[in-house]
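K.L.:
Using the sequences and the hints given, assemble the complete structure.
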Amino acid sequence: MVSITKRLTAAASVVLIGFVGFTGFALEQSYRESAEVALKDRLQGFVFTLLAASEIDASGLTVKDLPEARFYTPSSGLYAKIFSHDDPSHWDSPSSLGVTLFFPDGPIGQYIYQKSSNTEGDFMAISFSVVWEVGNDAERQYTFSVAENLSTYYEQVSGFRQHLWMWLGGLALVLLSIQVAILRWGLRPLHQVADDLKSIQMGDKSALEGEYPSELSELTGGLNDLLINERAMQTRYRHSLGDLAHSLKTPLAVLQGEVEQCKESPQLVDALTDQVERMNRIVKYQLQRAVSSSGGALSAALPIEPITAKIVNSLQKVYRDKSIEAVVSLDETAMFHGEEGDLYEIVGNLSDNAFKWCDHKVSVEVVRVEGRRGRDAAEITIEDDGPGVPDAQKMQILKRGVRADEQTPGWGIGLSIVMEIIDGYGGAVVVKDSALGGAKFEVRLP
Amino acid sequence: MRILIIEDEAPLLEQLKNRFNEEGFSVDGAADGEEGLYFGLEYPIDLAVVDLGLPKKSGMDVIRALRADGKDFPILILTARDRWQDKVEGLESGADDYLVKPFQFEELQARVNALLRRSSGWSTPVLAFGPVELDTVGQVVKVDGSPISLTSYEYKTLEYLMMHDQKVVSKMELTEHIYEQDFDRDSNVIEVFIGRLRKKIDPKNEHKPIETLRGRGYRFTLSRST
Chain A
1 MVSITKRLTA
11 AASVVLIGFV
21 GFTGFALEQS
31 YRESAEVALK
41 DRLQGFVFTL
51 LAASEIDASG
61 LTVKDLPEAR
71 FYTPSSGLYA
81 KIFSHDDPSH
91 WDSPSSLGVT
101 LFFPDGPIGQ
111 YIYQKSSNTE
121 GDFMAISFSV
131 VWEVGNDAER
141 QYTFSVAENL
151 STYYEQVSGF
161 RQHLWMWLGG
171 LALVLLSIQV
181 AILRWGLRPL
191 HQVADDLKSI
201 QMGDKSALEG
211 EYPSELSELT
221 GGLNDLLINE
231 RAMQTRYRHS
241 LGDLAHSLKT
251 PLAVLQGEVE
261 QCKESPQLVD
271 ALTDQVERMN
281 RIVKYQLQRA
291 VSSSGGALSA
301 ALPIEPITAK
311 IVNSLQKVYR
321 DKSIEAVVSL
331 DETAMFHGEE
341 GDLYEIVGNL
351 SDNAFKWCDH
361 KVSVEVVRVE
371 GRRGRDAAEI
381 TIEDDGPGVP
391 DAQKMQILKR
401 GVRADEQTPG
411 WGIGLSIVME
421 IIDGYGGAVV
431 VKDSALGGAK
441 FEVRLP
Chain B
1 MRILIIEDEA
11 PLLEQLKNRF
21 NEEGFSVDGA
31 ADGEEGLYFG
41 LEYPIDLAVV
51 DLGLPKKSGM
61 DVIRALRADG
71 KDFPILILTA
81 RDRWQDKVEG
91 LESGADDYLV
101 KPFQFEELQA
111 RVNALLRRSS
121 GWSTPVLAFG
131 PVELDTVGQV
141 VKVDGSPISL
151 TSYEYKTLEY
161 LMMHDQKVVS
171 KMELTEHIYE
181 QDFDRDSNVI
191 EVFIGRLRKK
201 IDPKNEHKPI
211 ETLRGRGYRF
221 TLSRST
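Protein sequence lines, in the order shown, are assigned to chains A and B.
Sequential numbering of the first sequence, starting at 1, is according to our numbering.
Sequential numbering of the second sequence, starting at 1, is according to our numbering.
Worth flagging that the hints you see were computed from the coordinates, not collected in a lab.
Careful: at least some of the hints might be erroneous.
Incomplete in silico selection of chain B near chain A, CB under 8 Å [what the hints assert, rightly or not]:
no., residue
1, Ala-80
2, Trp-84
3, Ala-114
Calculated cross-link-like contacts (lysine to any residue; reagent style SDA-like; alpha-carbon spacing at most 20 Å) [what the hints assert, rightly or not]:
no., chain 1, residue 1, chain 2, residue 2
4, B, Lys-57, A, His-246
5, B, Lys-17, A, Gln-261
6, A, Lys-356, B, Arg-67
7, B, Lys-56, A, His-246
8, A, Lys-356, B, Ser-123
9, A, Lys-310, B, Arg-67
10, B, Lys-56, A, His-239
11, A, Lys-322, B, Asp-135
12, A, Lys-317, B, Gln-109
Note that the Cβ used here is the ideal one computed from N, Cα and C, for glycine as well.
P.N.:
In structure tokens, the structure reads:
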């Protein structure tokens, strides 16, 4: 999707360019027309000057003392000619020496304009035919023509055009940048919302708390409601799933107890015990999946250190008989971006395994690391000095999605739950051999 | 040993009471948190098994109240809540162990025994006093390496005395911790058990493991082997 800023900028640019183009075109056109009118007026003026300077008598027409010096300067660009039907070159201005020009002929009393060009350039010629009475009843028809080189006119027009487009272009640029500035300013609340959402994701905020313009406040209000609903829903899910677990497991416990007391058929006892155990694992695994898969995207950042410390303390209590030496190194700045319960499951299950399998030494380490897109990530390393995991099983025990009751025996359901959770958050786990001699689980949480 | 079981599921409570009775425990059962707390505060309990989701008062509150009152007997949480958050919270509120339902009774029994042993300062399942050894897991007593045969009450009496070695245990205390509430508390019965015990674990009368303090009670006098 093209961004709103780009869309608006593109649309505004097209409109602006169209507007400026049309304006420029119209202005240029009308300037050209008025310059041409001015040129024609000037040419008419020259015709009148020519007429005024002409004297006619019986011998013919003579031209004396033209007030315009350019008529006398060769190649000045301004030329005049007087001619008649029987005398095609009655008089030529001195300037037109050696210049070949076309002068139109036309009906009496009308201005005839004609554009032409020769080696010198383009010309505009005007012709005006008059009939003069010479003596008694004798009439002579003369055509007075003036031609002017169009280079001045062209210069004028192109000069105007240059100025025009320069100004219009500048104006367009200024308008565009104002437009972009307005867009930025106008869209800033949207960016604000995006930033706020990001900090909710990062866990720095729990709701969109800023002041938003009225157009957005409905949206942000809706989003806030959604967030609250989602959290409430999660809590409700967890509670009802917990209730379900409780109400399923207690009858299972009763059943298990009854089965154990049944002495008649050991085969039946074994089968029932297996099935009860299996049901229990399925309930536990599926409940965990249901609860943890909904967490993630919009939860607050959680310090890992206190929860890990609590778990290790609790395990020390449970495994007091083993007198385990636990080396704990916890980075207080390491954060988990997710549900508290999920963090408990990950650290709890892995630490419990370590305490269970160790000889007398366990190491738990939590560090903050650089994650994707500059976000903080955390690494949790849990080691023990127990028998370790055989190489052949290292991949096997971390397989995700294996049905709970098909997991590698001996590792219990805890590990597949841990895998499921970590996978849900896009994290990773590897199993290695610990320097302590046992297993080493390295968990990376985004 | 006298244990308190607080469990609101009647069939499970019944089952547990029967099984622990069979294993030689004296059991008090409570079906809700308030009753459980009352028993815990008023009876001479050696260990409590507490469910978390209880009517009237939650298991967690019961544990906190017991600890706040200074009761230091071991507490085992027996619950269907298997999330680590609950486990940690439970252990932090003062419980000593945690077992998730459904469970195998052997597992529960092993943990109860371990907790009892631990609370009397033993870190191994065998309580060894020189020639006399008591295996809390197998419930076997050996003298000079050979097992001797004891009745359930004799075993319970010896176990209690050994777990409270070097301390004076009154007849009253023995009856309270070993026998059901409605047991006939005739002090002669205790004297009979002690007499038989002495004959069985010290037939030649050379170690004199159980001392009688007239009017006060009995004391297990052998010292622990390390």
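K.L.:
Hint check: Lys-317/A vs Gln-109/B, CA-CA at most 20 Å. Holds or violated?
P.N.:
holds, 18 Å
K.L.:
Lys-356/A and Ser-123/B were given as a pair; does the straight-line alpha-carbon distance stay at or below 20 Å?
P.N.:
Holds - the C-alpha atoms of Ser-123/B and Lys-356/A are around 17 Å apart, at most 20 Å.
K.L.:
Would the hint on Ala-80/B stand, with a C-beta cut-off of 8 Å toward chain A?
P.N.:
holds, 4 Å
K.L.:
Under the criterion that the straight-line Cα-Cα distance not exceed 20 Å, is the pair Lys-57/B, His-246/A satisfied?
P.N.:
With a Cα-Cα distance of about 17 Å, the restraint between Lys-57/B and His-246/A holds, given a limit of 20 Å.
K.L.:
Compare the distance between the alpha carbons of Lys-17/B and Gln-261/A with 20 Å, and conclude whether the hinted pair is satisfied.
P.N.:
holds, 13 Å
K.L.:
Taking the least C-beta to C-beta distance, is Trp-84/B closer than 8 Å to chain A?
P.N.:
holds, 3 Å
K.L.:
Check the hint pairing Lys-322/A with Asp-135/B against an upper bound of 20 Å on the C-alpha distance.
P.N.:
Given that 20 Å is the threshold and the Cα spacing comes to 18 Å, the pair holds.
K.L.:
With a cut-off of 20 Å on the C-alpha distance, tell me whether Lys-310/A and Arg-67/B pass.
P.N.:
Cα-Cα ~19 Å, so holds.
K.L.:
Straight-line Cα separation of Lys-56/B and His-246/A no greater than 20 Å?
P.N.:
This hinted pair holds, its Cα atoms lying about 17 Å apart.
K.L.:
Using the nearest Cβ pair, does Ala-114/B come within less than 8 Å of chain A?
P.N.:
This hint holds: Ala-114/B lies near chain A, its Cβ roughly 6 Å from the closest one there, short of 8 Å.
K.L.:
Taken at face value, is the distance from the CA of Arg-67/B to the CA of Lys-356/A at most 20 Å?
P.N.:
violated, 27 Å
K.L.:
Below or equal to 20 Å on CA atoms is what counts here, so check Lys-56/B against His-239/A.
P.N.:
Status holds; Cα separation ~19 Å.
Violated hint for the displayed structure: number 6, the only one.
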